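> First to last, the protein sequences are chains A and B. 490 is the number that this note's numbering gives the last residue of the first sequence; the numbers go up by one with no jumps. 490 is the number that this note's numbering gives the last residue of the second sequence; the numbers go up by one with no jumps.
Quick caveat, the hints were computed from the structure, so don't treat them as lab data. Only a predicted model underlies this, so the values are computations on that prediction, with no experimental measurement involved. Quick reminder that beta carbons are idealized off the backbone N, C-alpha and C, glycines included. Careful, some of the hints might be misleading.
What the hints assert, rightly or not - Just a sample of chain B residues kept apart from chain A, beta carbon distances all over 10 Å, derived:
{"no.": "1", "residue": "SER151"}
{"no.": "2", "residue": "GLY272"}
{"no.": "3", "residue": "LEU368"}
{"no.": "4", "residue": "ALA416"}
{"no.": "5", "residue": "TYR422"}
Stated by the list, open to error - Selected chain B positions facing chain A (Cβ under 10 Å, derived; list incomplete):
{"no.": "6", "residue": "ASP268"}
{"no.": "7", "residue": "PRO375"}
{"no.": "8", "residue": "ALA489"}
{"no.": "9", "residue": "LEU490"}
2 protein chains.
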Amino acid sequence: MSGRHPRSERDPLDLQGLVEYVAERVTPHPDEYRRVNAVIDEVLWRVRGALEAHRIEATVTLEGSVAKDTWLSGEADVDVFVQVSPLKDKGFLEAACLPAIRDSLKGYTMVERYAEHPYIEAYVKDVRINVVPCFRVERGEWLSAADRTPYHTGYMKEKLTPALRREVRILKRLMKGSGLYGAEAKVRGFSGLLCELLTLNYGSFLDLVKAASRWRRRELIDVEGYYQGRESDALKIFPEPLIVVDPVDPYRNTAAAVHEDTMWGFISVSRLLLERPNIRFFYPEALSLEEASIMDSLGKAGGNLLVLDVGVVDAVVDVVWSQLYKAEKVLRRLLIDAGFKVIRSTAWSSPDNRCLIFFKLESVELPPTYRHIGPPVEMMGDSDKFLGRHLKAVDTAAGPWIEDGRWIAEKLRRYRRADRLIAEKLADGGGSIGIPSKVCESLKKGFRVILNEEASALAEIPGALEEAYRFLSGRPIWLDAAL
Amino acid sequence: MSGRHPRSERDPLDLQGLVEYVAERVTPHPDEYRRVNAVIDEVLWRVRGALEAHRIEATVTLEGSVAKDTWLSGEADVDVFVQVSPLKDKGFLEAACLPAIRDSLKGYTMVERYAEHPYIEAYVKDVRINVVPCFRVERGEWLSAADRTPYHTGYMKEKLTPALRREVRILKRLMKGSGLYGAEAKVRGFSGLLCELLTLNYGSFLDLVKAASRWRRRELIDVEGYYQGRESDALKIFPEPLIVVDPVDPYRNTAAAVHEDTMWGFISVSRLLLERPNIRFFYPEALSLEEASIMDSLGKAGGNLLVLDVGVVDAVVDVVWSQLYKAEKVLRRLLIDAGFKVIRSTAWSSPDNRCLIFFKLESVELPPTYRHIGPPVEMMGDSDKFLGRHLKAVDTAAGPWIEDGRWIAEKLRRYRRADRLIAEKLADGGGSIGIPSKVCESLKKGFRVILNEEASALAEIPGALEEAYRFLSGRPIWLDAAL
């Protein structure tokens, strides 16, 4: 979505009106159903044909939001599952199934992707298709992470009514519009299945939003009532901040991927939506950016932006993201330990895995000296050691002296500039300070530490300037709607 | 004392040798005794005569270190007490006694001083004389703070042997040389009487030093054994860090004036003296300073010196100092609350009560923004309030956003410069922020906030440049001896 929404600007909708407006926009029209079904028919026919040609015995089924009829207009995303006998192994999925699937889609844009195991993503007449091999197992006897999906599809098809499907679509639009949608490592948010389960549990979009506005940490949702009367067991089994018991597997938390801050994000969105309904929670305004506006925004925030351009990290996207978050955390700790104040930080990667880590510091440069607090004078041995270490040291700017019964000294800083500290510690890729392997490999090939106005150079990386702008604003996208 | 001590430089003394060398230097020679006694005789004769002429019935006695024969060569300081009937009141001391005393010393340089009540300080043939009126009371029936003194003199005269007097002199020299001598508000250190009691308790200078090196907070010394077997009572009665029970008044702590840091100073000096005996603990080297050297020292410490020139505070010296310390504390808190990091601070006044407060900051200027931590998102009401306050505020540089379950915002600072903050808050004298009255009065007449190199202007205030230099070094004077 882009552009303003004149309707909401001129004529603010009440919550009920807003929900109806969104429902209308997200429900696919018959033409769209026809177009998507045609693609599905073709893909199923092709995949089945190719498996037969490869002499692979498999059940080919339609799964996901299209199968459950919970997809959003304009955003069809077709999941086709190839279920083979549980007597096969994971090597078979990769060595036998993938080539057959690849053959089936010959002629279309195609890329191999990887979740727990590899699968194929293709674009057939502008519709994204995922063809995922897995095992045709009995319930509970999961051999791969994808094996639950057909059971989820079956469960939801049984439970969802047309009315509920409409509610699911509204919720998904809210999650997408608010940047909370997706269980992948990058988003750490709400999956499609989770949206369906939440809707099912509360009965309607508005009832869910009302409930979520009052959720607390460690909220427990258990549609099938597996833990009824022994909720504390569920709280013991699942360590995550939000717990939604999987209806086809009571030992799995469907919300396991939801990061605490994404959960609070949804809770806040729910509260705000109830207080001040606004279409922008569902359809945020696109940023219309030039370099000038990011520089303006940098100026308003007083500078002290530091961006580490990691380069391209060569790994599947979930690995890229989990390593990138780890690297962000390591560098944040490094900066804090050296005395820098990190106001906030974030990580970002472009579709081709060009990775950036953003830091907003209180200051890129620290004062020359700092107050170093030593041991209590009462502790003779420690006092001796402290005096031995600091009294005549060249990096003692002043002191030591006694204050409130402790030794204190004024010390010269080892690192005064954040960019130099990072450049020095990453010179070897940063493995020694805990930067994970794939990010490390990329850093070894070269990196750049970008300060303030130099960030305008990010314009060459598609999407990076928008991310810089958003980072500088500091607000999650959904909070713009409350402005 | 000034100049180097060639003997200690060329030929370091062992501790025993050092103590003997000091003992020799501090013991007055017969000529000096004769000269001082002649002054005493004259003063006693003059005071007695004047009292008689004023028809005041009083007992005039010699007190203090000269009476107890514990004064240091070159530093005679004569205390003459005028004890009147306890039937008189404090008004009588001031209205009747002071004029008589003033008459007695007509022709000599004289100044009225004030402890708990007024007394006269005069210089007679280069010897400083204090003539103090008080009440001739029974032991324990104290009417003024000075009434205990004749009892202290009597007690010490009875207890001190020639050998002990020598040890007291050595100890006093150490306290003076180390900047720990004096119970006045400025020093918050060890009085002459306290030095005598400590020596008496441990029997010799070296035994005291050995014991003090192992003192802990709330050390209890009780020469007369008033609290023997019920030491915990003493600890309950006396709140101070060091407790030395007054032998003439078990409800008084002779060490009450000793500040915790002065106590730790003496403890540290004791340890250092035992480990590396050095004449400089007794006779520190004088600073030979020009403006250039303070600027050098400022450069080494990286700048960020801020000096508040309070002007002359019109009050007796102990009031000046207690208010000055209070003002220092108030301003330190003001700076810290505004985000400045105070590395250290101190107060200073010239002999004519020109007052300065020194601050060494990590930085005189703060970054434009800071990280402001808000309430947990879980708390709905507080979250609402936080968003209401910060989402659209003009001083919100970025955010709010959610981090670790809390709201955070990046805020613009109200005060970025320490000098401007102080100038603004003291514009009305600072009464509203808690600056005490006398300092406040002085500030209202005008003050100056001096930064870094501007400190060379302190050269016009006698002693201020030396103090600035010492402040920048950050070391207590006795620690120089360990360098």
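> May I ask which of the numbered hints given earlier this structure violates, with the numbers listed in increasing order?
2, 3, 4
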